[in-house]
Amino acid sequence: MAKNKPSQGARKTETLTLRLDPKVKMMIELISRIRRQSITGVVEAAIEEIAFDLDAPFYFDGETEKWSLSSAVSEVWSTDESERFINMCFHLPSLLTYEEQRIWETIKASPFFFATEESTVATLFTVEGKGRLDRVTIRRWWSDLLGHVDEFRDSRTIVPFEPKG
0 MAKNKPSQGA RKTETLTLRL DPKVKMMIEL ISRIRRQSIT GVVEAAIEEI
50 AFDLDAPFYF DGETEKWSLS SAVSEVWSTD ESERFINMCF HLPSLLTYEE
100 QRIWETIKAS PFFFATEEST VATLFTVEGK GRLDRVTIRR WWSDLLGHVD
150 EFRDSRTIVP FEPKG
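Numbering follows numbering that gives the first Met the number 0, in which position 162 of the sequence shown is assigned residue number 161; successive positions increment by one, without gaps.
The set of hints was computed from the structure by calculation and includes no laboratory data. Heads up, a few of these hints could be off.
Okay, derived cross-link-like pairs now, DSSO-like style, lysine-lysine, Cα gap no bigger than 27 Å in a straight line [claimed, not checked]:
hint, residue 1, residue 2
1, Lys24, Lys11
2, Lys129, Lys107
3, Lys163, Lys129
4, Lys163, Lys107
5, Lys107, Lys65
Full structure from sequences and hints, please.
Structure representation (structure tokens):
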């Protein structure tokens, strides 16, 4: 997942730095001239076209189906990073990176994040054998959770999260 610099907060766009073969860079520049688009517009259009045609292993209603990546992202997307992460864990679990798997396993190992009778917004999804997650609690403690996972990144086992203080 793309990260903002801490002092920048949430932004409407993200910056991406690429190393390209000079020939490919020239092609992008020429496409942008022909289409009268910015280089960013050319790259975005190309990625959206690929995403429309690319199959993603989307887990839905107890089964893994093939959805276009574009449709999968539409289902998973949220402007809230914690919500987007949870949606990805439930719908695209096979695409999680190692670091994302550590966060997900920490959440699942932490009773603190599961819905109770007092929970106001539980996930629509159930973690097998444990119940639904409390979205509000995850959102509230998201930064602390990421710090906790980073702190224990070298641990050979998952260390459940418990709030401090």
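Here is what the structure says about each hint:
Restraint check for Lys24 and Lys11: satisfied, since their Cα atoms lie roughly 25 Å apart, inside the 27 Å limit. In summary, the hint linking Lys129 to Lys107 is supported, as the alpha carbons are separated by about 8 Å, within the 27 Å threshold. The hinted pair formed by Lys163 and Lys129 meets the criterion: a straight-line CA distance of about 23 Å does not exceed 27 Å. Under the criterion of a C-alpha separation no larger than 27 Å, the hint pairing Lys163 with Lys107 is consistent with the structure, at around 18 Å.
In summary, the hint linking Lys107 to Lys65 is supported, as the alpha carbons are separated by about 26 Å, within the 27 Å threshold.
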